[in-house]
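Number of protein chains: 2
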Amino acid sequence: MNPLYSTYPVHIENSLTGAKEQLVPVSEGRIGMYVCGPTVYSDVHLGNARTFTSFDFIFRYLSHLGYKVRYVRNITDAGHLENDADEGEDKIAKKARLEQLEPMEIVQRYTVDFHKVMDRLGALPPSIEPTATGHIVEQIEMTQAIIDKGWAYESNGSVYFDVDAYNRDGGDYGVLSGRKMDELQSGSRALDGQEEKRNPADFALWKKASPAHIMRWPSPWSVGFPGWHLECSAMSTKYLGEEFDIHGGGMDLKFPHHECEIAQNTATSGKKGAKYWLHANMLTLNGKRMSKSTGNTILPGELFSGNNPLLAKGFRPSVVRFFMMQAHYSSVLDFSNEALLAAEKGHDKLLAAWSKLQGLEASGSGDFDLQAWIDKCYQSLSDNFNSPILIAHLFEAIKLINQNEGSIALSASDLSVFKEKMNAFVFDILGLQMEEGGSAHSEALDKAMDLVIELRAKARENKDWGTADLIRDQLSAAGIKLKDGAEGTSYEI
Amino acid sequence: MNPLYSTYPVHIENSLTGAKEQLVPVSEGRIGMYVCGPTVYSDVHLGNARTFTSFDFIFRYLSHLGYKVRYVRNITDAGHLENDADEGEDKIAKKARLEQLEPMEIVQRYTVDFHKVMDRLGALPPSIEPTATGHIVEQIEMTQAIIDKGWAYESNGSVYFDVDAYNRDGGDYGVLSGRKMDELQSGSRALDGQEEKRNPADFALWKKASPAHIMRWPSPWSVGFPGWHLECSAMSTKYLGEEFDIHGGGMDLKFPHHECEIAQNTATSGKKGAKYWLHANMLTLNGKRMSKSTGNTILPGELFSGNNPLLAKGFRPSVVRFFMMQAHYSSVLDFSNEALLAAEKGHDKLLAAWSKLQGLEASGSGDFDLQAWIDKCYQSLSDNFNSPILIAHLFEAIKLINQNEGSIALSASDLSVFKEKMNAFVFDILGLQMEEGGSAHSEALDKAMDLVIELRAKARENKDWGTADLIRDQLSAAGIKLKDGAEGTSYEI
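Protein sequences appear in the order of chains A and B.
When we follow this note's numbering, the leftmost residue of the first sequence carries the number 1, and every step to the right adds one.
When we follow this note's numbering, the leftmost residue of the second sequence carries the number 1, and every step to the right adds one.
There's no promise every hint is true.
One copy or two, it doesn't matter: identical chains are merged, so the pair holds either way.
Straight-line distance between alpha carbons at most 27 Å, and here's what the computed DSSO-like set of lysine-lysine pairs gives [to be verified]: (1) Lys68 to Lys116; (2) Lys458 to Lys447; (3) Lys376 to Lys419; (4) Lys447 to Lys349; (5) Lys483 to Lys447; (6) Lys313 to Lys483; (7) Lys238 to Lys95; (8) Lys481 to Lys345; (9) Lys68 to Lys20; (10) Lys481 to Lys94; (11) Lys481 to Lys458; (12) Lys483 to Lys458; (13) Lys238 to Lys149; (14) Lys458 to Lys356; (15) Lys95 to Lys483; (16) Lys419 to Lys481.
Simulated from the structure, these hints should not be mistaken for lab results.
Here chain A stands alone, though its shape is the one from the complex (with noise of 0.2 Å):
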């Protein structure tokens, strides 16, 4: 049988090229894929939270078609400063000041946080999750190699990548954002230690360590730590070759970070990492841009407590990952507390359909052509990985299971492949979560026990003390405690 994958082509939104083009792997049957992963000194953002959801959807379709994939989505743990530019503090280390820990212990902390989140959101484990203090001796020979190639140059212990020599050998900075030169060179604003820098656009490769800088390395140039862009560029092609499939990162990451990260690819191999580079949206927040300084802002974690002034209650991580999935990830996604209740309506709707598809039985062929119905799901996944479309069509098979009572209008056999196929978009490949057997059961209880406080009402007013009586020992063997209060009977375990 053909690979699921030769069936249904993917295309893919290149953001190298600007144009839909066709996946054609570098190695038949396997896809190299590298996600740029959180800097861990702090909450993950629910931005950085909807890039990894996007491109765990983007994961498990393609090893859903078949494809033998390989994720890499690193942690940022040294070397990210605190303006993204080549000046400032690094993030951690001052986090790590501020609280008076190891930076080490702040790496841990939000990376333990950060898998507890992705965990909830449904995301599966990249396969390989490399650190960059842990590519120091990797990102050293890459800041070598472009040296000995003359596109860097040591300067007061930093190594700095050479834009303009870059440039003037055939190379193309600027290929992935688009800016020319000049704009660059112009708009770079006036830091400190740009005065080690031959042109305001060169970035660096490597940076000397301050005595107060806690996080550095022996290198052949000082005793320093990598640049920020260089670890995506060291990892990536360690794990995934010189040449692999697909690059994927938030937008913010366009300029300079991968922009960078293809200038080093190139000028170390002459290939530029990846073929294809996909960019997932940012996010706003009731209309506005998330900012912690005007209070527009919330955490993941507060999404699924309520604990947040700006929501009216919390919210199911399924539903979160469903409302995240009704759009599409290189669309900008507007948060606000409607349109999450409009979602988790939608969600509870498709799960509760596919719990009631589970026991209903085969009334014979109807007019659902299921075939047309499947192609059409594949056809909006490989046309550049179409959730919003896909969950269109699921409604539609919503439309079929509610049709009729116990039954539906399949064949044995289109039931099955049709159940089949339902659960692999709504829990493989979309990666929804029923709730747990402990929520269900929450509820089932919160029912049954209307019940039973209605029952011991109607034996009371009947003066049917043995039922009563049943009802209170029973209740009272199995640990639950009814209060009867002004607003009615109450139970508690």
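Dock chain B against chain A, hints included.
Below, chain B alone, put in the same frame as chain A:
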């Protein structure tokens, strides 16, 4: 107020001296603790899970006493060779070869699993969790430092620690294990590559990689990889200093791993690393050594699920933890179905008493000497972390709790202290977990549904069709289905 650690000073059985000694931290009020973590090439062994649970308990207790604890537990993701000596294949690389994966994919899979198992067992994440591959630079530096002192030599691209030279210059290789040099030399097996060593007791600091070895880094001596023993010396001293407080690990690591660590540390800095060396003991299964080949083996996940022919049922992770805590960390612990069933009873009795305590009212002082009880509990913990004795004291407290129905023979202020201490001992220190809401709700639902089913049977018997219909309709609206079968009525959601 004095910190608890001055009221109840901790005494530790120190493997290095063989004596029980008072814990005097290197830095007042702070503890640095290093524990050798797992080699992530397979599911975590139950024995390792026990070791890490023991040190989690010690970490929790020291933190509770008011120490600021930095707890470092590493991940061995390279350099651990098959026979634990200096030859054979890298354990992770071998698994990667067998499964046709990149070694770091093996590392990621088993690191994720390891974290899940430890999380279920109620173990807190350590403060820092460094990896061997993340500290290649530091290991190369340490190797160079030992060569510079004259206690290591290069041979054919590999570097070995020179045990004879080190001991001749006043070193004390054998100090931890008590082994004598002559035993060590005659006891060594003749392995490939031993001819590179001057002395069979010498051990590798750096190994030149064979062409087939895929995990490799450049070094002054060869492209290769660090020796297994070296990573713990490099990482413990990097994050805790040349001299720190506690070094822990399983008994099987005492020799050669910890012996070599002490030699490496001393050779580098003149200090042994930790002042106190602690060793958690092994476990047996049904009285015999665990062994895959005889089938006398069990994984933590199988303990939880019951999915192992040696088990009658699964055990909640908190029950497994309680079972482990019933033995002292330095004693051999025998796992068996019967012992786990007994532990389950004890665990549930303890947690039921704790739940009951929350609802009790103070009925004035009785003859329970609260302060004496608190002192006994702390003293048992401070006496080399004696968890079984603590548990015995907790069972005395259960008697007090269960003496009367709605009240307890304590003054109101004592009751509040008692609750606080019970909470600390049971949850903060022993690390037990109440069942999640989910399970409690499932149980309550079972019991509420038993009641509903009984009421329905009664209604039918009495031809009370109104009640029978009410029950049927409300259950159906709640999504609960009753199933009448030969063995009575059951329900499903």
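For which of the previously enumerated hints does the structure constitute a violation, in increasing order of number? 10, 14, 15
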